[in-house]
Amino acid sequence: MKLTSRFLVLFTATACFISCSKQTTPIVIHPDDFHRSVDRVTEIMIHDIFSPPVASRIYAYPNIAAYEILAQNSVEYQSISNSLTGLSPIPRIPENEPVNYELAALIAHMDLSKQLIFSEDRIEAYRDSLYTIWKKQNQKEFDASKTYGLSVAQHISSWMNKDNYKQTRTMPKFSIDSDDPSRWQPTPPAYMSGIEPHWSKIRPFVIDSSNQFKPTPPPEFSMEPESEFYKELKEVYDISNEITAKGDDSEEVAIAKFWDCNPYVSVTRGHLMFATKKITPGAHWIGITKIAAQKTNANVMETVHAYTKTSIAIADAFISCWDEKYRSNLIRPETLINQHIDDSWQPVLQTPPFPEYTSGHSVVSGAAATALTSIFGDNFAFDDDTEVPYGLPVRSFESFNKAADEAAISRMYGGIHYRAAVEVGVKQGRDLGAFVVANLKTKANKDLVKND
Amino acid sequence: MTKTIVGLLLMLALGLVGCTDSMLFEAKDAKSTGIDFTNTLRETEELNILDYLYFYNGGGVAIGDINNDSLPDIFFTGNQVKNKLYLNKGNLTFQDISEMAGVEGKSSWNTGTVMADVNGDGFLDIYVCAVVGINGFNGFNELYINNGDNTFTERAAEYGVDFDSYSSNATFFDYDLDGDLDMYLLNHAVHTQNSYGDVSLRNKRTYETGDKLLRNDNGKFIDVSEQAGIYGGLNAYGLGVAVSDFNLDGYPDLYVGNDFHEDDYYYLNNGDGTFTESLKHFFGHSSRFSMGSDVADINNDGRPDLISLDMLPEKETVLKASEGDDNVQIQKIRIKEFGYHYQFTRNMLYINQPDGHFMETALLSGVAATDWSWSALFGDYDQDGHQDLFVANGIKKRPNDLDFVKFVSNDQIQKKIDNTKLVDNKALDLMPNGAEHNYIFKGGTDITFKDKSGEWMSKDTIISGASAYGDLDGDGDLDLVTNNLNKKASILINTTDRKTNYLKLKFKHKAPNTFGIGTKVYSYHQGVVQFKELFPSKGFQASSEPIIHFGYGDTNVVDSLKIIWPNKTAQTLTKIKTNQTLLVQPEHTSPYAYPKKSKMHNLLFTKVEDNLGMDFMHVEDNYTDFIREKLMPYKASDRGPAMAIGDLNNDGKDDIFFGGSKRIPSKIYVQQDSSFVSVVLPTIANDSIKEAVAAGIADFNADGLKDLFVASGGADYFGKAAPLLDDLYLQNGTTFDQMPVPPSFENGSVVRPFDYDSDGDMDVFVGNHTVTGQFGQASNSYLLQNHQGSFSIDDTFKGNELGMVTDAIWDDFDKDGLIDLIVVGEWMSPKLFKNTPSGFQERQPLNLNGLWQTLLPFDVDQDGDTDYILGNWGTNSKFTASVDQPLKMLYGDFDSNGQTETITLIEKNGAYYPLEGLDELSSQLVFLRKKFKSYQSFAGQSIDNILDEARLNKGKTLSVTELRSGFLRNNGGSFTFVPFNNNLQVAPIMAAVCYDFDHDGTEEVLIGGNYFGVKPYQGRFDSFPGALLKSEKNVILGNMLGLDFTQKSIRHLATITLNHQPYLIAVFNNDKTQVYKINTK
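Chains A and B are the protein sequences, given in the same order.
Those letters in the first sequence? Residues 0 to 451, by numbering that gives the first Met the number 0.
Those letters in the second sequence? Residues 0 to 1080, by numbering that gives the first Met the number 0.
What the hints contain is simulated information worked out from the structure, not anything from laboratory work.
Some hints here could point you the wrong way.
[Said to hold, decoys possible] The calculated DSBU-like cross-link candidates involving lysine-lysine, where the alpha carbons are at most 35 Å apart (straight line), are:
#1 B/203 with A/161
#2 B/929 with B/595
#3 B/335 with A/200
#4 B/458 with B/441
#5 A/256 with B/203
#6 B/595 with A/230
#7 A/256 with B/335
#8 A/145 with B/929
#9 B/279 with A/172
#10 B/1029 with A/134
#11 A/233 with B/331
#12 B/930 with A/172
#13 B/932 with A/161
#14 B/279 with A/256
#15 A/135 with B/331
#16 B/595 with A/200
None of these values were measured; they are calculated from a predicted model.
The shape of chain A in the complex, shown without the other chains:
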């Protein structure tokens, strides 16, 4: 046990011994408490319907807040405020207060999550039931931890509020006013407007700018059958026909559906409309993070570290990917196939409402897998049950990277991306992930640890 922890326990125990007239117990936070908190946020995001980029932002900030609190008390891990654009160090723990770091971290996590989602009541109910338990266990420790946790949440929140999110809300919508045949158009069935056209203007976490990992441009648009672009279009159509002919039980269809991760698939039957909602690509990788953390029996610090690093990689990946999406503004295969090849063709997956290039899932999966590999190592085999609540089976993977490759290719099987978007996208994500891993200095220099 680390010296500081031991001291804290001693301190808390002493404080308690002196002041508590009634029976109190130290509050113990388990890694599962964090998993539950993250899961709760995921559930609420599904209900509230956040688009994939917005969802990635919602994961990142609460994790960072929790991480920064915990890192203060860690030998192995250190503050990342230096690695994150615009973040100043969080307030120090007030002296002589019986603050439980892990509790404070969880409280900060829940508070920031609450700020970021819409349905606050859904987090409040959960939070209040925990508060009641903790209060009963140890009111002083709880009060001190809460006060501190909320002060850190406040600090992170004021940093967060300067990331341009609010300003991007009133920026112009994506305009379809163009005669450019290659320009993205809304797709069936809901023909939703392009979401988050200004996401590249969101302040990134670790990468320098949204265009730092600007991918090579997509093949030049052409409807000439000999062109590279047309061949890729035709490939989407052919693969789709081939795998749908094989039926729903085919491996490719299973892969496409497993990685669908579309938070809002709208269905219209006559006047009846409804949506089937799933987690976002980011949420899927957050789910994988949980699987890995649990499989390695990670403690609270390690768990929060894994969530933090992965969610930062994912968030920056969305900023990078969205930068390219609204640079190339490339039309989706569904639009072109319906216009030029087969007017009744429908992709296996519903086309999501934003431009095609590069594939968001590919970029995010590449980045998340790189982050996770840096934490848990390559060839980390796992059984992915993240999608079970949404009626999908468990899939097993030999490594994060193999899972990322499958997630990338799934978009072609799904009929929503051309090959270039997938292949270039996963590379874009891996490059970005490697940069995040190299520059997000979570672990203290080992020499320094030795010297300590």
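With chain A held as given, fit chain B onto it using these hints.
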């Protein structure tokens, strides 16, 4: 003592009279009538709204006298229950003879029904439609031939009408005028609503889903759909069909209402056995989720008008919780990419115009929103001579409830629908109930209706669909019957009785069309014409009693009735006493010649096909304001082009300048002897980046050559962008020099040169409309004083934040010899600036805030002084305004993110509500999503509950108290506003010009309008045909004058003389300029 009793009795009697007076319709219960038919639906796991989209559409009803005892009988069809036939035994008692009559039906899912004498034996037969072939439904459409003894024999196969397809209804009419009844069968598609598909889908013919035109060849019905030009039906969800001789050429036409993406069809009968679908040409837009429809002449002009129903809720609580219109981009895709017409989610009331176009007035007329509406029945229910309107509505579950769509549906139905396509009642229970009271409207003058629900009829909570009228109790007025879901049918007895007068006409016509289907009647009394046609299949899945009914108020004698038989013969009855039933048969008929439409004679204007060489076509750029300012109530970018007339080349002949749009250069046309020729002036042509929205021609540098002042705008460039700057082009004899003027970065709207300081040089007033990106901000306008050819801003004129100016004129309104300035604009009152030697003084405000678009001096009331024509927004929109309940717009940065928002509010029942829903508002004000966790919690909230006081205080409130166009009447120097009548309020009036068009020695005013820069929830103000105002009371619509202004949005009207011949020039936004010759009589 006795006096007291008499008094009491009298009071009692009066009380009773009072009570019956209060409700026009009295509901009779099943116990007294014996009519206990209930269309009971059994929702099962195998069959419900998820499995069959029209599960809640209901059955049918038909009223007609099946045994010729003069008592109309009633037939109901049930979806899953047996059909019932009730024989009218008199005194509003009925006998269920269904079983004996053999009409209970064998199909699993019956829909609409029609009574018609199909075999021409003088007895009404019954046709019953069915949906067959999906959801395990079996059977076929049944034709019950009347045996004349209260029994029927099913003989559909024999007649060739035993269709096993997806039928909703049918109508029998003689389209080829060969004397027998043909049939149009309305079917519905099963094409996915998940994607639009191209309009060309309608050419694909499918047996199950395609509508069918069936020609009666000696008792055998032959499918002639393809050869007759009827679309194939792959994507047509036909729910309504109305027959009428819309274009009054003797051949009955069809209006088919289609649900979902497919356009409605307007089939004009060519008279040669074929039809031409002509919706786009004659209708500017149509209802989107079209359901039932009906036809009647509602404005007493002798032409059949039309209503087509949709599903727009009136109540805020439902409106804001239900899926509404498309957004503007989706609409664009549907129209531009897929070829559909403009469709909007509300009822549409189409007023038939002399040139065949329809003027759509549902919002103005007050009948646009009646919730989930199935059946419309026009009838003069109170017999006052005006057509009233009954609307049957309701849905058992609202499947378009936004909470259900977004939040509730997920867990409950996702797995079921994905895996089994089944759903349980628990999921269905989560959809809110859509039982809304039926609506009844009292028709009035000037194309208005007044909602009398709750007064004429108690507000019910039942779900009514098919409905029909008939005189069930034989007292001459129209009673109503509705087929209800899971409730006993409603029998609504009209208690007008003889308080007002009527005439009821039945026809005895030559077999086989024994009931005279297609007969027209013109009724004339006291200078009022009423017009009706006998097409009993109307409303929705129903047919009414085959009679024609007129109301006459207290008129005892009708001057004449002109009966026009289907075979184009006519007879006239004169001096007919009211309050009787006439049985009319062809007697002493003479041939009737329908007026030829192809050529209207002696029109005031004749379009000049070559435009005298003025081939200017304005092309609005693709910019959509709502992309940037998502809550703007309407656009600011589409106010061009500029136009200015003046002699630019100093040859004594007027030339014309047209402003270009973004990246398209302005154009100048020089007048030659017999035409105009476009000339390219490099200085001006090179300046094409700008959008020239206003211009003035004058000799600004007093060198004897005319110069050009151009105000730029377009509401796309923003901030201090150079293309927003205005320009002065000075003519130097051979070309123009661009000269700087004081910088103005507002979007310009009007340029009015005038030497206001009488110093001999031309000054200019430059009015500005908006500041890009800050809609709601009052723009600065400038009075530019000329100093030997250079301009400076006259600071004595208070032009700062003058308002959203649209037009201005120089006119001496106080007749003091100094020419004054009048300025109009949006969200402001007309401002009168008095010119005095010491500067301009604003006269006392008129307190007449409007959305003013144009201004013209003209002596409307012909009393010798100058009145001012004021073009406004009109009343045919979702804006409402009055002095007590003004239209409001909040303008400010309500979420403190550095960007302003506008929120437009209208008053309803004493509170103010935003026009936009939660999705739109929260896209800008994200915190609203935290405040309102469901659509239900937002729906019905007034603005005070949406934004708290602190936030509201961050903004300004703009208001409008008058939306009507009209004129300022000059009462010896003081002004009062006089609104025009309603046919001039159907669209914004954008331009006006005065001239002695008819050469009678006095000037008239020609006005033009229409405006398209609104979101789909407002629709499209497209059907104003222009109008000539000869005087206050004498108004002639443009479609009687030869003008082609419908479906075009006008910006300028002007007259010009070429070679001694006067011409009218009409300039449109995003359309080709028109030139008309002004004819001498």
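Outcome of the hint check:
no., hint, in the structure
1, B/203 with A/161, "violated, 56 Å"
2, B/929 with B/595, "violated, 63 Å"
3, B/335 with A/200, "holds, 31 Å"
4, B/458 with B/441, "holds, 15 Å"
5, A/256 with B/203, "holds, 33 Å"
6, B/595 with A/230, "violated, 59 Å"
7, A/256 with B/335, "holds, 33 Å"
8, A/145 with B/929, "holds, 23 Å"
9, B/279 with A/172, "holds, 30 Å"
10, B/1029 with A/134, "violated, 84 Å"
11, A/233 with B/331, "holds, 28 Å"
12, B/930 with A/172, "holds, 24 Å"
13, B/932 with A/161, "holds, 25 Å"
14, B/279 with A/256, "violated, 43 Å"
15, A/135 with B/331, "violated, 60 Å"
16, B/595 with A/200, "violated, 65 Å"
In the structure shown, a violation is registered for the earlier hints numbered 1, 2, 6, 10, 14, 15, 16, in ascending order.
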